[in-house]
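Protein chains: 2
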Amino acid sequence: MAGDLVLSIDGMGGDAAPDIVVEGVALAARANGGVRYLLHGDADRLNQLLEQHEAAKAVCEVVPAEKTIGMDVKASQALRQGRGSSLWNAVAAVENGQANAVVSAGNTGAYMAIAMFRLRTMEGVHRPALATRWPTMKGGYTVMLDVGANVEADAEQLVEFAIMGEAFQRAVSGEERPTVALLNVGAEDQKGHEEIRAAARLIREARLDLEFRGFVEGDDISKGTVDVVVTDGFTGNIALKTGEGTARLVAQLLRESLSSGVMATVGAAIAYPALRKLKTRMDPGTFNGALFLGLNGLVVKSHGGANASGFAAAIGVAEKMARSHYREEIARNLSRLARAPAAAAGEAS
Amino acid sequence: MAGDLVLSIDGMGGDAAPDIVVEGVALAARANGGVRYLLHGDADRLNQLLEQHEAAKAVCEVVPAEKTIGMDVKASQALRQGRGSSLWNAVAAVENGQANAVVSAGNTGAYMAIAMFRLRTMEGVHRPALATRWPTMKGGYTVMLDVGANVEADAEQLVEFAIMGEAFQRAVSGEERPTVALLNVGAEDQKGHEEIRAAARLIREARLDLEFRGFVEGDDISKGTVDVVVTDGFTGNIALKTGEGTARLVAQLLRESLSSGVMATVGAAIAYPALRKLKTRMDPGTFNGALFLGLNGLVVKSHGGANASGFAAAIGVAEKMARSHYREEIARNLSRLARAPAAAAGEAS
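Residue numbers (my numbering), protein chains in the order written: chain A, 1 to 349; chain B, 1 to 349.
Among the clues, some could well be false.
Just so you know, same-sequence chains aren't split out, so a pair can sit in one copy or run between any two.
Claimed, not checked - Below, a list of computed lysine to aspartate or glutamate pairs in the DMTMM-like style, where the Cα atoms sit at most 25 Å apart: (1) K74 / E256; (2) K67 / D44; (3) K67 / E205; (4) K74 / D209; (5) K57 / E194; (6) K223 / D72; (7) K191 / E152; (8) K191 / E123; (9) K74 / D219.
Just so you know, the hints here were simulated from the structure itself, not pulled from any lab data.
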């Protein structure tokens, strides 16, 4: 087994695990060379599935885990009883230096709790953040964070999110200088909460190596006005879910519009393939691979309902992150932040 | 000129004023009997436009105003220099008891500032709130507030928003017992900010006359899980704009999907009427008439870009509100709130 990079995979996490996970690894193995996989879970089932995927089998090592954490298990319970599970072991492989990153489609709360407990936050980072990607009218996607790891964030934490989100976007999109903005209720300097205004001042005064564009509003997420949208976990979670809900509403209204009136039959025939295409484009699977940023280790979350190509996309994100200079980049900006005039965060402009 | 109800209309507010405004009044006059209109603005132009609308002319009184507040004027400037404008006079007519409600499609910030300055908040209401309506998968709409009048809201203010939003939804939809929930990042009691949890406790302890359903998440807005979604103005503004942005994104992606591939030509022919229908359904004009709630007077905001039927819809909202028992209903619940154990807001459950 050769390969310069090792990815630790939770073989049992997700709605259709382990089948989809093994298929996803097989797709990723075909697409990306030089990667080895540690596949944690039920060894018999995983080995059996690997029999159908020759290429994957050659680069996979199955690591037996005695149990699986269900999708409904609470985070606190997962911490108490999760030891020895495929998810726990997959995270531990990164902690022990056996793997460069971990990928799971399992229980988000349990995953975040275990990753945080085992890997701890990086030096200079107060709280980790969950970063996701959202398709835009420009054809690419916006990175948005935090979308739910924390309920609140002060100015300094928002700046840390900006630093981490920017490095994530560069690693995954290849865009050299991703633009960054804070989510607010208006573009003017005096708008919004004090923490957001203080974060903007802090980014400027700390002279971070960032293309900072000030404030953007909710509709700028889908417009793709900037490459990275920074907010607290409460607002980010509500924006993300409101967006998902609206996408489903519009698709439903459109389905209704297309299947009524004189052209109903033709409309329906046209509508279904178009709606399927749309679903692919909007589906979390397409931009699959949310990152739990700020820990001592790369932690990638695949959507629980992702199909094999969605899971392969999440593996692709893990690989890109592992091959990037993400850690060095954020360490450089975090140390600039640490040296910034302490007054900046508190004082009104 | 007869009529039991008088509505004060800013004849000069909005992107296509005064033409659209007069057409809107004409449509409303045809639909709703027993209403008189005070039409504030450039008397020559308004009278000229009314010549084309016999029925409207019979129920309109033109009130000359010497100036118009532009769409770009800042709120502070409107307060200093707005006296004598059509917007100012339209609000003043409610203050002076000449009209039961005011409707304008003009500058939102200026309108809110002038309405707040002239009408003041109702007794028992700490801060007014901007309430809007959002279409749902169930076919009706959700009332959401606050969508931007205030940046922050404490527990008591959130409860006041719940009381006002519920009465607004009943007045406009005719639904006897609208259901109400607080917007949060999860349905469980321990989720979210302390203010939201305290607001939930307060609603229960104050024994308000409300169908309170606890917490909902962002995707519940479009689902129509409850009839009234309550949040602070920062979160509400971002949710609303994220939703609008997503709706535009999905419509664009769908247009692209429908006009590519083998069925492209047929697809395009089908797509355009469907997208137009969709636009009508999602358009602010369809559910036009946001309310600036909590003032000593009914203040209805029409979308600046509304067409004549959109403006007529906003007039319809003003009429329904003016004919409802909105004031008595919220006064009853506000007094229950005032009698609630003071401890409820502060103490952890």
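Those earlier numbered hints the structure runs against, lowest number first: 1, 3, 4, 5, 8
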